[in-house]
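*Asks:* Take a look at the letters that make up each chain.
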Amino acid sequence: MTTRATSIGWGVTGVLAVVVAWELYKYLGPAEGVTVGDTGDAGSGQIILPRTHDRAMPHVWSMIVRLFEPTSGGDSPALIVSVAAAAAVTLGIAVVGWLIGVLVGFGLSLVMQRWRLLEWGLLPWIVVSQTVPLIALAPVINAIGNQIDRSGTPWPQWLSVAVIASYLAFFPVAVGALRGLQSPDRIHLDLMRTYGSGYWPTLVRLRLPAAVPHLLPALRLAAANAVLGVVVAEVSIGMRGGLGRMLIQLAGQGSSDPAAPWGPIFGAVVLGLIAAGSVALIGVGLKDYRRGEATS
Amino acid sequence: MTSALPAAVKATGVDKVFTGSRGEVTALAGVDLEVAAGEFVSLIGPSGCGKSTLLRLIADLETSTGGTLEIFGKSASQARQDQDYGIAFQQAGLLPWRTVRDNIGLPLQLHGQDKRTRAARVDELTALVGLDEFVDHHPDQLSGGMQQRVAIARALASQPRLLLMDEPFGALDEMTREYLQSELTRIAAETQAAVVFVTHSIPEAVFLSDRVVVMSPRPGRITDIIDVSLAGERDEALRESPAYFERVTAVREALHGTHVDRPNER
Amino acid sequence: MTPVEPRALPRWARYVAPIAVGVIGLGLWMLYTSVLGAAPRMLPDPVSILQELIARWDIIWADMLVTGTNALIGLLVGSAVAIALAALAARSRAVDGMAAPLVAALAVVPIVAITPVLNTMFGASSQFGRQAVAGLAAFIPVFVNVLRGLRQTRAVHRDVFRASGATSDQTFRFLTFPTALPYLTTGLRLASSLAVISALVAEYFGGPAEGIGTAIATYAKSGRADLAWAYVAGGIIIGLAFFLVASLLERLASRRSSA
Numbered sequence: 002m003t004t005r006a007t008s009i010g011w012g013v014t015g016v017l018a019v020v021v022a023w024e025l026y027k028y029l030g031p032a033e034g035v036t037v038g039d040t041g042d043a044g045s046g047q048i049i050l051p052r053t054h055d056r057a058m059p060h061v062w063s064m065i066v067r068l069f070e071p072t073s074g075g076d077s078p079a080l081i082v083s084v085a086a087a088a089a090v091t092l093g094i095a096v097v098g099w100l101i102g103v104l105v106g107f108g109l110s111l112v113m114q115r116w117r118l119l120e121w122g123l124l125p126w127i128v129v130s131q132t133v134p135l136i137a138l139a140p141v142i143n144a145i146g147n148q149i150d151r152s153g154t155p156w157p158q159w160l161s162v163a164v165i166a167s168y169l170a171f172f173p174v175a176v177g178a179l180r181g182l183q184s185p186d187r188i189h190l191d192l193m194r195t196y197g198s199g200y201w202p203t204l205v206r207l208r209l210p211a212a213v214p215h216l217l218p219a220l221r222l223a224a225a226n227a228v229l230g231v232v233v234a235e236v237s238i239g240m241r242g243g244l245g246r247m248l249i250q251l252a253g254q255g256s257s258d259p260a261a262p263w264g265p266i267f268g269a270v271v272l273g274l275i276a277a278g279s280v281a282l283i284g285v286g287l288k289d290y291r292r293g294e295a296t297s
Numbered sequence: 142m143t144s145a146l147p148a149a150v151k152a153t154g155v156d157k158v159f160t161g162s163r164g165e166v167t168a169l170a171g172v173d174l175e176v177a178a179g180e181f182v183s184l185i186g187p188s189g190c191g192k193s194t195l196l197r198l199i200a201d202l203e204t205s206t207g208g209t210l211e212i213f214g215k216s217a218s219q220a221r222q223d224q225d226y227g228i229a230f231q232q233a234g235l236l237p238w239r240t241v242r243d244n245i246g247l248p249l250q251l252h253g254q255d256k257r258t259r260a261a262r263v264d265e266l267t268a269l270v271g272l273d274e275f276v277d278h279h280p281d282q283l284s285g286g287m288q289q290r291v292a293i294a295r296a297l298a299s300q301p302r303l304l305l306m307d308e309p310f311g312a313l314d315e316m317t318r319e320y321l322q323s324e325l326t327r328i329a330a331e332t333q334a335a336v337v338f339v340t341h342s343i344p345e346a347v348f349l350s351d352r353v354v355v356m357s358p359r360p361g362r363i364t365d366i367i368d369v370s371l372a373g374e375r376d377e378a379l380r381e382s383p384a385y386f387e388r389v390t391a392v393r394e395a396l397h398g399t400h401v402d403r404p405n406e407r
Numbered sequence: 148m149t150p151v152e153p154r155a156l157p158r159w160a161r162y163v164a165p166i167a168v169g170v171i172g173l174g175l176w177m178l179y180t181s182v183l184g185a186a187p188r189m190l191p192d193p194v195s196i197l198q199e200l201i202a203r204w205d206i207i208w209a210d211m212l213v214t215g216t217n218a219l220i221g222l223l224v225g226s227a228v229a230i231a232l233a234a235l236a237a238r239s240r241a242v243d244g245m246a247a248p249l250v251a252a253l254a255v256v257p258i259v260a261i262t263p264v265l266n267t268m269f270g271a272s273s274q275f276g277r278q279a280v281a282g283l284a285a286f287i288p289v290f291v292n293v294l295r296g297l298r299q300t301r302a303v304h305r306d307v308f309r310a311s312g313a314t315s316d317q318t319f320r321f322l323t324f325p326t327a328l329p330y331l332t333t334g335l336r337l338a339s340s341l342a343v344i345s346a347l348v349a350e351y352f353g354g355p356a357e358g359i360g361t362a363i364a365t366y367a368k369s370g371r372a373d374l375a376w377a378y379v380a381g382g383i384i385i386g387l388a389f390f391l392v393a394s395l396l397e398r399l400a401s402r403r404s405s406a
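Protein chains in written order, with my numbering: chain E, 2 to 297; chain Y, 142 to 407; chain A, 148 to 406.
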């Protein structure tokens with residue numbers, strides 16, 4: 002067996018192990034979970050193990066079967082179709098957010114590499130901005146967007162969502178690209194200097210190619226972050242049409258239809274994988290620039 | 142050679158075959174070698190001749206695939222457990238988070254010696270390698286040569302009767318190298334330990350050794366053993382003496398002789 | 148000309164530059180809001196945000212405690228599980244093979260999406276769903292970094308330990324663990340930020356009506372801009388606190404890891 006086939010085999014085993022663990026706990030665990038410190042009043046005590054009845058933990062096969070049943074009864078389309086439609090909306094916004102984030106992040110990295118003073122001034126703020134939950138601003142940004150829209154300049158809601166997603170996407174690109182642009186060895190820079198090569202030729206012939214191994218993981222992370230940002234923003238500002246809102250809606254009916262929320266959850270998982278996978282495809286085309294890359 | 146003591150190293154028909162993804166590679170074939178107690182023996186040869194592999198077999202860092210190997214009459218594995226040898230590599234291999242003192246004391250600590258015994262032994266060793274002033278420094282504060290001296294002190298910590306050295310001076314500049322060679326001959330004489338020394342420098346091998354073992358690759362084997370037997374002290378004057386140059390030439394011819402024998406090389 | 152050498156900038160510029168950027172940013176913000184008065188109503192000026200933060204500190208602090216506790220529990224439990232699993236993966240090919248693709252997938256998937264389901268499993272009044280999401284988010288960087296760290300022992304060091312006849316326990320205590328320590332603290336630093344952000348974001352996905360995130364969403368919807376922003380500031384304070392403590396740990400651990 003080739004190493005690739007082996008690792009895929011292990012991966013499938015891993016997924017199966019998770020499924021088995023889920024079903025095993027569902028079979029063995031108490032129906033109402035385990036609560037410590039229950040005083041007899043409703044809602045007292047701290048629940049430490051989850052409930053296992055079908056409304057809380059549906060069987061894995063129920064989740065899958067549910068995908069092919071109508072979304073909301075009657076002759077509405079199958080859940081999987083609705084999920085795919087919602088995922089397409091979410092993905093579209095995520096792509097816009099990703100593009101904005103990549104452009105801003107890359108632009109920032111270029112000016113920070115060119116002018117050391119800007120790096121010193123901006124980088125600490127960029128780093129700190131990622132350690133604090135600025136995504137909490139999502140509802141506020143939406144409210145601002147609504148005001149701008151009302152005041153005459155068109156500002157559709159999805160644009161607010163894309164802006165929030167781009168904020169999550171720009172950081173890895175800015176930091177990764179800066180590190181990449183600064184990565185050429187001293188001797189290579191000296192060599193370019195002896196050729197009398199100016200800023201732009203050095204950038205195009207040396208710094209950009211050298212940045213590729215740093216840039217690719219950054220772009221992948223940015224894609225995953227953009228998807229996350231869109232899902233979160235959809236939920237926090239209640240935008241319709243995408244996966245996030247659909248998830249909340251179906252979860253609201255969870256007690257009567259417990260397997261339904263898993264549809265959009267699977268959708269979000271697939272979306273994250275698609276986003277990261279598409280960026281990995283970019284890397285395949287650039288493989289000559291990744292020869293020195295340490296495998297990780 | 143008859144001696145009251147068992148030989149420091151006794152290899153009889155030792156083979157080593159590595160099995161990798163691209164089939165089998167014979168690193169050593171039929172190696173016979175005996176190193177007497179207190180003797181200084183160098184292994185020399187081009188890359189791939191198996192000199193490092195032989196050293197690693199003696200140290201029980203690898204296991205031979207054929208033949209027998211005895212260290213002071215025991216198996217290599219037993220000799221390792223009993224700390225009969227100390228070892229130094231081309232890289233000093235010091236732990237960066239430990240001071241010089243704690244690096245030298247590491248083997249003693251691993252064998253459960255108490256702090257006071259360790260401190261006393263470390264003081265002796267730092268004096269021996271001339272690093273008394275640096276015991277509380279960290280490795281990153283030392284030069285390459287000083288790091289290598291710490292590694293040698295560490296190899297000597299458990300008072301081994303055999304010292305194994307795998308190109309310990311290979312990464313150093315010529316000046317430092319010559320200085321450490323002189324130091325090593327002095328230390329070897331003081332500790333009475335046998336030394337097996339891997340190198341690819343002919344002058345180094347001749348300067349240090351009682352005997353030089355010449356090896357050749359594909360498959361790795363011993364092609365010649367040259368008795369250096371330079372009388373007297375190894376000092377700087379020796380490096381200029383005619384006897385020394387004569388031995389250097391002898392080793393060089395032994396090395397190149399194996400080259401000429403191979404038909405596809407001019 | 149090519150500035151191959153960075154032009155000689157005075158050392159103090161390194162510290163003054165970020166402060167200057169901060170002051171300029173603040174100035175522009177105030178200019179836009181207070182002086183020009185052109186800003187949307189949802190973007191208040193920094194001074195009134197600060198006043199609101201001080202005036203309502205009691206209720207903001209109470210919600211900060213809820214979100215902060217969720218993040219902390221998630222961080223601690225998630226990291227502990229990650230360390231244990233990484234240790235297993237470092238020893239067992241099977242665990243590594245199963246965990247590696249799962250963790251790689253988990254890293255690119257919006258984990259918060261499972262919050263509603265967790266809330267059903269543990270009951271809507273439980274904070275557990277949020278803690279679990281924070282824990283999962285923290286798990287990933289700790290697992291990845293610890294596993295990498297456990298594999299960083301250099302061949303020459305392993306040889307030294309084997310040649311010294313060290314037992315496998317001793318090799319772990321004196322070599323593998325100290326080598327992995329800086330990687331662990333790096334993982335913890337990344338995880339600390341992720342735990343805070345995830346705990347907060349998970350609040351948007353339902354559950355009890357306490358916490359910074361719920362408050363921001365509520366007040367943003369009802370148009371109380373100052374209070375919503377003051378809550379955002381509360382979230383920032385939690386994030387900074389986690390980040391600073393974790394960075395300090397990292398600094399301590401990586402002192403001698405070079406060379």
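Don't take every hint at face value.
Some chain A residues near chain E, calculated using beta-carbon distances under 7 Å [unchecked claim]:
1) Leu156
2) Pro157
3) Trp159
4) Pro165
5) Val194
6) Pro257
7) Met268
8) Phe269
9) Val343
10) Ile344
11) Ala375
12) Val379
13) Gly386
14) Leu387
15) Val392
16) Leu396
Keep in mind the hints are simulated off the structure, nothing from the lab.
The beta-carbon is built from N, C-alpha and C at its ideal position, and this holds for glycine as well.
*Asks:* Hint by hint, note whether the structure agrees.
*Replies:* These are the hints, each one checked on the structure:
1. Leu156: This hint holds: Leu156 (chain A) lies near chain E, its Cβ roughly 6 Å from the closest one there, short of 7 Å.
2. Pro157: Because about 10 Å separates Pro157 (chain A) from the closest Cβ in chain E, which is outside the 7 Å limit, the hint is violated.
3. Trp159: At about 10 Å, which exceeds the 7 Å cut-off, the nearest Cβ of chain E leaves the hint on Trp159 (chain A) violated.
4. Pro165: 4 Å, holds
5. Val194: 17 Å, violated
6. Pro257: Because about 4 Å separates Pro257 (chain A) from the closest Cβ in chain E, which is inside the 7 Å limit, the hint holds.
7. Met268: Hint on Met268 (chain A): holds, closest Cβ of chain E at ~4 Å, below 7 Å.
8. Phe269: 5 Å, holds
9. Val343: It holds, given that the least Cβ distance between Val343 (chain A) and chain E is near 6 Å, below 7 Å.
10. Ile344: 5 Å, holds
11. Ala375: Because about 6 Å separates Ala375 (chain A) from the closest Cβ in chain E, which is inside the 7 Å limit, the hint holds.
12. Val379: Since chain E brings a Cβ to about 5 Å from Val379 (chain A), closer than 7 Å, the hint holds.
13. Gly386: Where the cut-off is 7 Å and the nearest Cβ of chain E is about 3 Å from Gly386 (chain A), the hint holds.
14. Leu387: With a minimum Cβ separation of about 6 Å from chain E (threshold 7 Å), the hint on Leu387 (chain A) holds.
15. Val392: 11 Å, violated
16. Leu396: For Leu396 (chain A), the interface hint is violated, since the closest Cβ of chain E sits about 14 Å away, which is over 7 Å.
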